[in-house]
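Asker: Using the sequences plus the hints, can you model the full thing?
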Amino acid sequence: MAAVEDVRSASAFEEATQASTLVAVDFWAPWCEPCKTLDEVFALLAADNGHAKFLRVEAEEVPEVTEKLGVTVVPYFAILKSGRVAARVEGADAAALSAAVAEHIAAAEPPHAKPAPAPAAQAMRAAVAEPAVATSDGRDGLSTAARIQQLLASAPVMLFMKGSREAPRCGFSRHVCDALDAVDVCYATFDILGDEEIRQGLKKYSQWPTYPQLYVAGELLGGADIVDELAQTGALRSAVNEALAVSPSAAAAAAPPLDFGAGSAPAVNDGGASAAGAPSAATGSGAFASAPAAAAGRGADAAPGGHAAHDGPAAVAASSGGGASEQELRALVAQQPVMLFMKGTPDAPRCGFSARVVQALRTAGLGFGAFDILTSDAVRQGLKALSDWPTYPQLYAGGELVGGCDIVEEMAQAGVLREELGEMAART
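Numbering (UniProt numbering), first residue to last: 1 to 428.
Hints are computed from structural coordinates only; laboratory data are not their basis. Some hints here could point you the wrong way.
Keeping only pairs whose Cα atoms sit at most 25 Å apart, straight-line, the calculated DSS-like set for lysine-lysine is [said to hold, decoys possible]:
(1) Lys203 with Lys162
(2) Lys68 with Lys81
(3) Lys204 with Lys36
(4) Lys204 with Lys162
(5) Lys36 with Lys203
(6) Lys384 with Lys68
(7) Lys36 with Lys68
Computed beta-carbon distance windows for the label pairs [to be verified]:
(8) Ala12 with Glu326: 32 to 40 Å
(9) Glu67 with Cys170: 42 to 50 Å
(10) Lys384 with Glu5: 25 to 33 Å
(11) Glu423 with Glu103: 51 to 59 Å
(12) Asp388 with Asp6: 27 to 35 Å
(13) Ala385 with Asp6: 39 to 47 Å
(14) Lys384 with Gly171: 38 to 46 Å
(15) Asp181 with Lys384: 49 to 57 Å
(16) Gly365 with Gly171: 31 to 39 Å
(17) Ser82 with Glu423: 48 to 56 Å
(18) Gln200 with Glu5: 27 to 35 Å
(19) Glu5 with Pro209: 30 to 38 Å
(20) Thr233 with Gly365: 30 to 38 Å
(21) Thr21 with Gly171: 27 to 35 Å
C-beta atoms are modelled at their ideal positions from N, C-alpha and C, and glycine is treated no differently.
Answerer: Here is the structure:
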């Protein structure tokens, strides 16, 4: 039975991967709830595949390895064969992870060498393979994160709301239902008023404090304001379809509307079949990728506590399909005295590192502009070369690079963030 080995340095990673031709790597972050659930699955797989090496790498702590393997979300899994990447799994997709290990690792072991699974491993496998259905009283031993994963995987489009589709118990929930119904989107619902554990847990899971919350293919699309904005611009259905297109298996699993009543097992409307116990491959992701994609590339805090949208160079770069010139990039980083290049927007960050920088800036009372690098690969790749800084987020003041998440947090902890950025911005 193989144990999962924690790797804390690039040299240790190199040594571990050179010592075995078959290696599975789990990239995680302590702030990401889905990572905790997938850690259990990873441990189960390690227990059944003693002929291979199973490693855990904290993504933020070993950036050399994270960058080398192109890790941009957590949880993230890579399977290496003789040092080469044979498979990757992004997001909290236990089924995809198990399939990848079965194909690339389990299949490589001679049948006579496979030991019988340990009792603990058998029990864990049973728990993963047959998720318990949420009930109003007991939770059958599942963690909150596991229950959220189960709910997100049970329908391609899922709305966590107050009340039900037929009887919404708040105006915002009613607005979202009306918007989805108006464009004929099939969706499931879950009444958070009947399940306080899910209600509070989902807020932390996706770093989104209010309800309703709409998820597509396991990813948070947004709340009532974002859904309303998409509906008003006629882009709601296309936004849902685009999100489903990223997860073809989730799109193929689209079913008639479901309604998860308050704290109850999944129930089916219009004579459909229950989705309970048969999750689709839609992935629930962690904080790296768990917030809305709407209004990408435009969000900005114009002043402490303020919010404004910026067009100009940012909008041009975001919409451009070509490469960004050095002149365009320099204009972009100097667009505001303090400018943050991040994943997502300040109000809807799509990675934990970006969320932490936004929090540090807001805590310091700093106004700043923001650009969502997920909307423009030209900007995303161009800034890496321009500033010789390989990762995001990147914070600029006065058109000059300040640094990434670690540097910003160090300055914040030292109490010099506001002063230093103010001085840099004043030089322009």
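Asker: Among all the numbered hints in the text so far, which are the ones the structure does not match?
Answerer: 13, 15 and 21
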